[in-house]
Amino acid sequence: DAGVTQSPTHLIKTRGQQVTLRCSPISGHKSVSWYQQVLGQGPQFIFQYYEKEERGRGNFPDRFSARQFPNYSSELNVNALLLGDSALYLCASSLLAGVDGANVLTFGAGSRLTVL
Amino acid sequence: LAKTTQPISMDSYEGQEVNITCSHNNIATNDYITWYQQFPSQGPRFIIQGYKTKVTNEVASLFIPADRKSSTLSLPRVSLSDTAVYYCLVVTGSQGNLIFGKGTKLSVKP
Numbered sequence: 001d002a003g004v005t006q007s008p009t010h011l012i013k014t015r016g017q018q019v020t021l022r023c024s025p026i027s028g029h030k031s032v033s034w035y036q037q038v039l040g041q042g043p044q045f046i047f048q049y050y051e052k053e054e055r056g057r058g059n060f061p062d063r064f065s066a067r068q069f070p071n072y073s074s075e076l077n078v079n080a081l082l083l084g085d086s087a088l089y090l091c092a093s094s095l096l097a098g099v100d101g102a103n104v105l106t107f108g109a110g111s112r113l114t115v116l
Numbered sequence: 117l118a119k120t121t122q123p124i125s126m127d128s129y130e131g132q133e134v135n136i137t138c139s140h141n142n143i144a145t146n147d148y149i150t151w152y153q154q155f156p157s158q159g160p161r162f163i164i165q166g167y168k169t170k171v172t173n174e175v176a177s178l179f180i181p182a183d184r185k186s187s188t189l190s191l192p193r194v195s196l197s198d199t200a201v202y203y204c205l206v207v208t209g210s211q212g213n214l215i216f217g218k219g220t221k222l223s224v225k226p
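Sequence order for the protein chains is Z and W. Oh and the first sequence: position 69 is 69 in the numbering used here, straight run, nothing missing. Take the position in the second sequence, starting the count at 1, then add 116; the result is the number in the numbering used here.
With a cut-off of at most 20 angstroms between alpha-carbon atoms, the simulated SDA-like pairs for lysine to any residue come out as follows:
id	chain 1	residue 1	chain 2	residue 2
1	Z	LYS52	Z	GLY98
2	W	LYS221	Z	LEU39
3	W	LYS218	Z	GLY40
To be clear, the hints were calculated from the coordinates, so they are not data collected in a lab.
Looking at chain W on its own, in the form it has when it is part of the complex (with noise of 0.2 angstroms):
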């Protein structure tokens, strides 16, 4: 099972654009990269999910090169709502469940 390496922290302001890396070095063809966000005492809640290239949803982007051993999660314009946890998991559709690391916790300042 790949593991992923992302930063334990991030800080930001409002209004800023911000970019959390992710690092899957060991990620095989049929792997997906998928992305969750947790705000405290709440479970974890799925963001985006790609396999290659870029994906954009209403909330975030996922920028995928092509040896797709990282991949990064791009919020635009943060808000202080923002402020949570951003877990990087990759991902085999046959697989029943999800590993997590650390995540990555954003503040966001005003």
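Chain Z extracted, bound-state conformation (with noise of 0.2 angstroms):
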């Protein structure tokens, strides 16, 4: 069985420009979520969806947008890039909407960002 795909695997982008960030879940599952992690730290959250309805914002500006297409599929956009925002975009899927042990997060191998 695939795994979560992400596409593209590294992209570089100057400031200002715009990019999307595509994600394929696992067969099945539910919930995409969004995670950026930049260098020497750990993930932090996004975006969630779960059967196309955003479930859960973290802490980022409203030039980071998300969507959930009908066959889970999900895209994230970042308007306006800064130089902050250089860093690896990590997708993951679950099942179901929440984080237990019973429905762990699958994460893909990430979109790695450079903002020039």
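Since each chain comes alone in its own frame, lean on the hints to assemble the complex.
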């Protein structure tokens, strides 16, 4: 079975540009979450979508947006890129919305965004 | 939300048992303790979760004392491939997101 797949794996943008990152969850998983991980830090929660509805949002500016499609795949959009947006963007999927042991998050390998 | 405290880094040698302790003084009754492992340029991977006492799987053991204010992840006979960052998290089942700290960077040497 395919795990969580993310694309692109690497990309370089310049300040002010916009970027769209894509995520395909594990088949059957209805929840998709996005995390940002800057170098040397743990991942920070950005969004969770469950059954195509936004279920949670972290402390990120409105430049960050996301959506989930009927097939449960998801996109993360970041507008007006800043140098500080350079990070590894991780997508995670799970069967249900909670995060307890019966419903662990499975992460993809991430999309490495560099903003110049 | 409970915060966790764990060592920033640890060194070990191949074949040794490694114990990483995490403190979570404000853990709530409904919270679980969960550990994730992350290799460079990869997403975190679930290792183990427990509520109290001891949990063991094919990868690790998790020891949780009765007061649940701390927990210890035990990795038996580590190898070079266990070099990674290990995150201790406190989670509530109804919660949809994980709150990561900086984790413990484990370096296993030959």
